[in-house]
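So the sequence shown is numbered by my numbering: it starts at 2 and just counts up by one.
FYI, nobody ran anything at the bench for these hints, they're computed from the structure.
One or more of the hints may lead you astray.
[Claimed, not checked] With a Cα cut of at most 27 Å, we get these calculated DSS-like pairs of lysine-lysine:
# : residue 1 : residue 2
1 : K166      : K193
2 : K193      : K170
3 : K193      : K165
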Amino acid sequence: MPEIVLHFDALLFDMDGTLVDSTAGVVGAWELFRQSYPSIDVHHILSSSHGVRTVENLRNHCGIQDPEILESEAERFETAIVTTSSEGGRQGIIQLPGVNAVLNEIAPGRYLPKPCWAICTSATRAYASSALDIAGVPAPDVFVTSEDVTQGKPSPDPYLLGAKKCGVKPENCLVFEDAPSGIRSGNAAGCKTVGLLTTHTREQVEAAQPDFIVENLSAISVQRTESGVAVTFKQ
2 MPEIVLHFDA LLFDMDGTLV DSTAGVVGAW ELFRQSYPSI DVHHILSSSH
52 GVRTVENLRN HCGIQDPEIL ESEAERFETA IVTTSSEGGR QGIIQLPGVN
102 AVLNEIAPGR YLPKPCWAIC TSATRAYASS ALDIAGVPAP DVFVTSEDVT
152 QGKPSPDPYL LGAKKCGVKP ENCLVFEDAP SGIRSGNAAG CKTVGLLTTH
202 TREQVEAAQP DFIVENLSAI SVQRTESGVA VTFKQ
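Generate the whole structure from the sequences, applying the supplied hints.
Dropping the structure here:
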């Protein structure tokens, strides 16, 4: 792909699979939950649940309907991601390639106090905060988590709220996503979208119709400007 430089008012990032890799912890959490819900198919869940809110995954795959139990089990699941990610020789929650260089450039206060980036995740705030801390990812200008929206991805709500909290129009934002459901969320919000090939096949990502496809964040560079962020798609 030829080098392309585009300007956006704000960048909106998914978390798991985009900024951090928590695969080891997620696998460990589902294996733990299989002890309580023996009928679940962990392999099937892992192939279809990425980018979906924990409460919705537990409702869909474990059959939990009671709101209080659902909330409690979601908390237990996300705690298990953190606690099992470093057990049994697992790699833990790690930062993905290219993240450090990108986020160092758009760190808060480098040019303007105006927010120019957000994390819009399907995870709860408690888990997302822990995962970012473990992976060494700085806190974003704007943080949208599962508790902040009524409908999760692929609904546009997370990215619409992220743009709103940044004080910009969604059509002037660029979304970075690895999951098809997240790409569809960004598209539905009216944002430009980048599909990362970190967790899904190219065919799966292409099916969600992102505007751009890259291997990971190493394929781009960013520069914060007085009016937003310039994004360069490298050759």
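These are the hints, each one checked on the structure:
1. Of the supplied pair hints, the one linking K166 and K193 holds, its CA atoms being roughly 17 Å apart against a limit of 27 Å.
2. Distance hint between K193 and K170 is fulfilled; the C-alpha atoms sit about 12 Å from each other, no more than 27 Å.
3. Of the pairs offered as hints, the one joining K193 and K165 holds, with about 15 Å between alpha carbons and a cut-off of 27 Å not exceeded.
Against the hints set out earlier in the document, no violation occurs for any number.
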